[in-house]
Every structure is written in C-alpha cells, then in structure tokens.
Amino acid sequence: MIIGLIAMSGVRVRTQELAELGVTLPGFVNRGEVIASLPSLGLLTVAALTHKDVEVEYIEIDQLPKDKSELQKFDLVGISSFTARINAAYKLADMYRELGIPVVLGGIHVSLMPEEAQNHADSIVLYGAEGAWPKLIEDFKKGQMKPKYEGLKSDVFSPENYVVPRFDFLKGRSYNRITIQTSRGCPHSCEFCAASLRITSKFQQKPVELVVNEIEKALEYTEHSFFEFADDNTFVNKKWGKDFLKGITPLNINWFTETDMSVADDDELLDLMAKSGCRQILIGFESPSADGLQGMNPNDWKLKRHKSYIESINKIQSKGVSVNGCFIVGLDNDTPETFNQIKQFADEAKLIEIQITVYTPFPGTPLYHRLKSENRLLQDENWDRCTLFDVNFKPKNMSLEQLEDGIKWLFKNLYNEDEFLKRKRYYMECIKNIDLF
Amino acid sequence: MVHPDDIELKLRQIIAKVTKEKTDNVTNNDDLRNTLGFDSLTALRILAKVEKEFGLRFPNKELSNLKSIQDLINAIQVNKEKNT
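Quick note, the sequences are listed as chains A and B, same order. Counting from 1, one number per residue, gives the positions in the first sequence under my numbering. Counting from 1001, one number per residue, gives the positions in the second sequence under my numbering.
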C-alpha cells in the first residue's frame, strides 16, 4: 500500500500589480510571486502518524509528476491546504477521484468548512491529525473508511499522541527554512486571526525536550540550519521561553518566529533570544494609531501596548534581533491617511523589516461573520482572494479604490532599493554595537 | 597598505565567528551564502563586523555585491584607501 501526501505550498497574489511589486511574507526569501515556500509540517506529521507497514511519499504540488501513470501509483492520496489555495486543492482532489484514487482532505480550511470540503473528498480530517489519521488508515485497509474523522483538539503533545514529524522527507530538497512547531494557539484572540486556536480548544505548548529533539532530527536531513518556529505566538509563557532558548542555544541554529511585543519587557529573555540565534521576530503591531487598535482583541491588549511600540522595537533591535513589524490595512478605523502614518511609523521606529497585509475575512473568524452580517463581503466564499494581499471586503472609512491605491502606494514606498538599503544599513549599525562573540 | 593575505586571514576569522562555521573548505571566490548556507541577515552581520574591524564603511549600494572573500578583500582595499 502506498499513500501520496501532497502539500499545496506558496501563495499566489491575485492582484497583478501587487505581484509585480513583489509582495512577501516574512522576508528572508527573495520577493516574487510565490510567497514563503515552506515544507508542510502538517503532512510531515501525518506521515509520521502512518504505520510503518504503509509506504508514504511526500510531494510538493509544484513537483507533482505530469505523467498519468505516475499519478495513478497511489492507493490513497492525502492533500492539505490553507484557504488561499483550497480551490487548487479541490481541483487536484477531483482529478485523483476521476482516476479512481480515493482522496482525504485536511488542514485548517477543511476543519472550518467541512461540508464544502466533503464535496471533493472521500474522507476529511478535522482539527489535528493526531487521534484521527491512524484510525483512518486502519479503516481504509479494511475498506471501511468513513467520510469524516475528528482529530484531537487538545493534548496533541502528550506522549500517547505525539510523534516526531518525518523530517527525512526534507533530504535533498531546497527549502530555505525548516519549520518546527513549539505550540498551537495564541491567547490574544484577535478578531481577524485564523490561527490554530480556531481548531484547538486551548493554547498548547510542546515540552522543551521534544522541540530540541525535533531540531536535532531535522538537522540530520538538511544542509541549512535556519529554522522557523511555526507558532502563532512562541513566547506566551516566558518561563517556558527561557528554558526553550537555553535548550536550543547549543544547537548553533539561526531562527525566526512570530510573537508579541511583551518579549521587550524581559531583558533576560531578549538576551537568550539573541544568544540562541534569533535573527528576526515578527510582531503584529497591526496599526500605527491607537484608533486602529480599538476593539481588536477582547481585552484590548494591543491597544494598551500602543504607547510603548517604538520603545519596544528599539529595545529588541538593540540586541541584534531584527523586528519584522506587521501592519494590517483596511481596519475599520483606517482612513486614507493611514498609509502615510504606517510609512512614518516604520521610518521613526527604524523597523528592519515591514510586512503589510490586507484585513482578510478568513472563514470561521469573528471578522468573517461580522463582515458577512454587515453585508460587506465583496464575494462570499471567494477563497482565492484570502492571500492576505487581495481585498475582498468593503472598507468602512474609505472607498475600495482608496484602499487598493493605498496598498500599492505603501508597497512602492516601503519595498524599493533605497528603502532596502536604508534598512540593511540600520541593521548593520545595530550589530556593530553588540558583542556577537 | 595592508597585505591581502592578512586581510584574508582576518576575514576568515570574522566569518567563522559570525557563522560558527569553519571556512577551511571555502575558496576566496566561493559565494559565501551558497557555500556556508546562511541567511541574508547573517550576511549583513558579517559585513557589519568587517566594517568595524577594518574601521571603514562600505557604500550602501555595494553591500549586495560583496558575496565572496575576494569581493571583500577588494572592497576593503578600495575603501581603506578612500578613508585614509
């Protein structure tokens, strides 16, 4: 028996002018039409959950063979996709089913839109694959695969459920970053966020020794030692964070992750981050103005932090850790002035990297439900536009045209050679002032 | 004028310290990022430390062209002369 696991990597921006300007997600890769191609950690985990008597192949969609006989060699196909590429995933699933090969669909979009996904699959897996995939395979072997399996929403890192992802599939592949998950979920519950908390019942953190072991395993199969921690917010728990950083320091890796600005409150944590190879952290500032942050999360956590934004950025970057400041455009309190405010903030804060994304109503989020109830979705269920760069809603305090023009203006004014060089130079000046050795 | 061999020795020490990698197998003309497999920010860390150690400042527009040890030796010699 052989199973093909197909990863739908990359996001293609739909708005041609933005693609030509070179949009990017966390930017260590060159700007281009495919954004931040990373291995599918979910499918590497599914592969590890598959019993050893079943052969597994892991395939990136771009490497899928064109030859029909090659496509037909699988007994079962598993496809994982996020929202922006779900239609391409459905098309692929339909093609396999026409060839007579059963298809299982999984991933965050499938968990949030199960009925839609079932139209394109013989079976779907909801939530984490842990607790669902081994049972699905056993049933499939007996010819009794069910149309739906529900994986675990909690305890995914407990010894009875946890597996080390199959990093051996990375061997010989040219990823510029390797992903490792240290946690699932984030306590901030921002209205727009489609993070993994939507498919887990609570914030879950992996024990430090398991993370260290995974990094060591991954290093056995890759020449490059740049890691991305595939978390929603790595340093929610500062005590765990410090233990984790002490654990990874001897591994001599460089790494990137997403977290929040509370890391700036803790000097010991910042020093450990720098020492353990942290090259950049992405922080969602979301808006340069306090007005933009009103009501963003239930306890206004980000609004309360607004006054200390620049001080926090300066402190983090002074340690040699660059900050990738993330801003969302199109928030309800945004006006045509907001674009210029973001540029001014980025200049004043001397952010070394800046990410601009569009307010995006992902399925299952409170934002989606609110915009739908306010009749503000341009095309309901047009998932292809959930790229984080293409607008699919009516803005509140500006016209659609003003929003789209403002986005293009920001891209032109933030992502040009002079700005890149200015940011590179500032990073170098930060590095000169610290003792790396 | 500093001898190129002395510059190379110092550069290799800096690269090894920043990247925590040995440079014995890196030739002077190898693309450092491809050979040692580091990211763009690590490349800038190397340039920052080179500027500090040699007491010079590369023009911003040259930064992207400094890919090999030989590129750095040439740029150090040119910019040292400019700065003196």
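Honestly, the hints are just simulated from the structure, not real lab data. Wrong hints could be hidden among the right ones.
[Said to hold, decoys possible] Here are the simulated lysine-lysine pairs, DSS-like style, with alpha carbons at most 27 Å apart:
| hint | chain 1 | residue 1 | chain 2 | residue 2 |
| --- | --- | --- | --- | --- |
| 1 | B | 1017 | A | 424 |
| 2 | A | 394 | A | 422 |
| 3 | A | 52 | A | 202 |
| 4 | B | 1061 | A | 242 |
| 5 | A | 350 | B | 1022 |
| 6 | B | 1067 | A | 432 |
| 7 | A | 242 | B | 1020 |
| 8 | A | 408 | B | 1061 |
| 9 | A | 275 | B | 1022 |
| 10 | A | 422 | B | 1061 |
Structure-based check of all given hints:
no.: 1; hint: B:1017 with A:424; in the structure: holds, 20 Å
no.: 2; hint: A:394 with A:422; in the structure: violated, 35 Å
no.: 3; hint: A:52 with A:202; in the structure: violated, 31 Å
no.: 4; hint: B:1061 with A:242; in the structure: violated, 39 Å
no.: 5; hint: A:350 with B:1022; in the structure: violated, 33 Å
no.: 6; hint: B:1067 with A:432; in the structure: holds, 19 Å
no.: 7; hint: A:242 with B:1020; in the structure: holds, 22 Å
no.: 8; hint: A:408 with B:1061; in the structure: holds, 25 Å
no.: 9; hint: A:275 with B:1022; in the structure: holds, 19 Å
no.: 10; hint: A:422 with B:1061; in the structure: holds, 10 Å
In terms of the numbered hints stated before, the structure departs from hints 2, 3, 4 and 5, listed from lowest to highest.
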